[in-house]
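When you get a sec, could you build the whole thing from the sequences and use the hints?
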Amino acid sequence: MMIASAEPVVPNAYPNNVYAANCQCREMLDLLASKWAALAIGALENGPMRFGVVRKKLEGISPKVLSQTLRKLEDHGMVDRTVFPAVPLHVEYSLTPLGQSANAPLAHLRDWVEANTGIT
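Mapping of the sequence shown onto the working numbering: position 72 corresponds to residue 70, and the numbering continues sequentially without gaps.
No lab work stands behind these hints: they were computed from the structure. Note that the coordinates shown come from a computational prediction; the quantities given were computed from them, not determined experimentally. Fair warning: there could be bad hints in the mix.
[What the hints assert, rightly or not] List of simulated lysine-lysine pairs, DSS-like, C-alpha gap at most 30 angstroms:
| id | residue 1 | residue 2 |
| --- | --- | --- |
| 1 | K33 | K54 |
| 2 | K33 | K55 |
| 3 | K55 | K70 |
| 4 | K33 | K70 |
| 5 | K70 | K54 |
| 6 | K33 | K62 |
[What the hints assert, rightly or not] Label pairs and their computed distance ranges (CB to CB):
| id | residue 1 | residue 2 | range |
| --- | --- | --- | --- |
| 7 | H88 | N20 | 36 to 46 angstroms |
| 8 | G50 | Q22 | 13 to 23 angstroms |
| 9 | P61 | A84 | 13 to 23 angstroms |
| 10 | L87 | N15 | 35 to 45 angstroms |
| 11 | K33 | V89 | 17 to 27 angstroms |
| 12 | N20 | V89 | 15 to 25 angstroms |
| 13 | V81 | I117 | 36 to 46 angstroms |
| 14 | Q98 | A31 | 29 to 39 angstroms |
| 15 | P13 | P86 | 41 to 51 angstroms |
| 16 | A19 | K55 | 29 to 39 angstroms |
| 17 | D73 | I117 | 32 to 42 angstroms |
| 18 | W110 | V81 | 15 to 25 angstroms |
| 19 | P83 | A19 | 25 to 35 angstroms |
For glycine and all other residues, C-beta sits at the position ideal for the given N, C-alpha and C.
This is the structure we're talking about:
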């Protein structure tokens, strides 16, 4: 026997729960919470860039760490890697729509950090 509810049941638009230990979204949260991923997304916010340009923008990052970070972002659908046939090989990185949507809150976080660092 089914009992009618006074309020309509609305499916949860966001079925993931970052507080649940086994939630798959924790991996994405971990990635976005990393310093280099947040900065790499910001570096790419104005359009495609070559690896060397991203590296110059992210002062202090090693080529190995940048490569790993871009690969993780690509694996999670945040960054596209486009290879152009040329000699030498020409590779550009750009944000996907998912990466662009992640950039909005990360930009606020980067702005907040810059405005509030050193204030005691």
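So, going through the hints one by one against the coordinates:
1. K33 / K54: 16 angstroms, holds
2. K33 / K55: 14 angstroms, holds
3. K55 / K70: OK: K55 and K70 at ~19 angstroms, within 30 angstroms.
4. K33 / K70: 13 angstroms, holds
5. K70 / K54: 20 angstroms, holds
6. K33 / K62: 15 angstroms, holds
7. H88 / N20: 36 to 46 angstroms: 42 angstroms, holds
8. G50 / Q22: 13 to 23 angstroms: 34 angstroms, violated
9. P61 / A84: 13 to 23 angstroms: The hinted range 13 to 23 angstroms holds for P61 and A84, with Cβ atoms some 20 angstroms apart.
10. L87 / N15: 35 to 45 angstroms: At roughly 42 angstroms between Cβ atoms, N15 and L87 fall inside 35 to 45 angstroms, so the hint holds.
11. K33 / V89: 17 to 27 angstroms: Holds, at about 23 angstroms.
12. N20 / V89: 15 to 25 angstroms: Cβ of N20 to Cβ of V89: about 36 angstroms, so the range 15 to 25 angstroms is violated.
13. V81 / I117: 36 to 46 angstroms: Roughly 44 angstroms apart at Cβ, these two residues keep to the hinted range, so it holds.
14. Q98 / A31: 29 to 39 angstroms: Given about 18 angstroms between the Cβ atoms, the range is violated.
15. P13 / P86: 41 to 51 angstroms: 45 angstroms, holds
16. A19 / K55: 29 to 39 angstroms: Given about 36 angstroms between the Cβ atoms, the range holds.
17. D73 / I117: 32 to 42 angstroms: Given a distance of about 37 angstroms, which is inside 32 to 42 angstroms, the answer is holds.
18. W110 / V81: 15 to 25 angstroms: Since the Cβ atoms of W110 and V81 sit about 36 angstroms apart, the hinted range of 15 to 25 angstroms is violated.
19. P83 / A19: 25 to 35 angstroms: 46 angstroms, violated
The earlier numbered hints that this structure contradicts are 8, 12, 14, 18 and 19.
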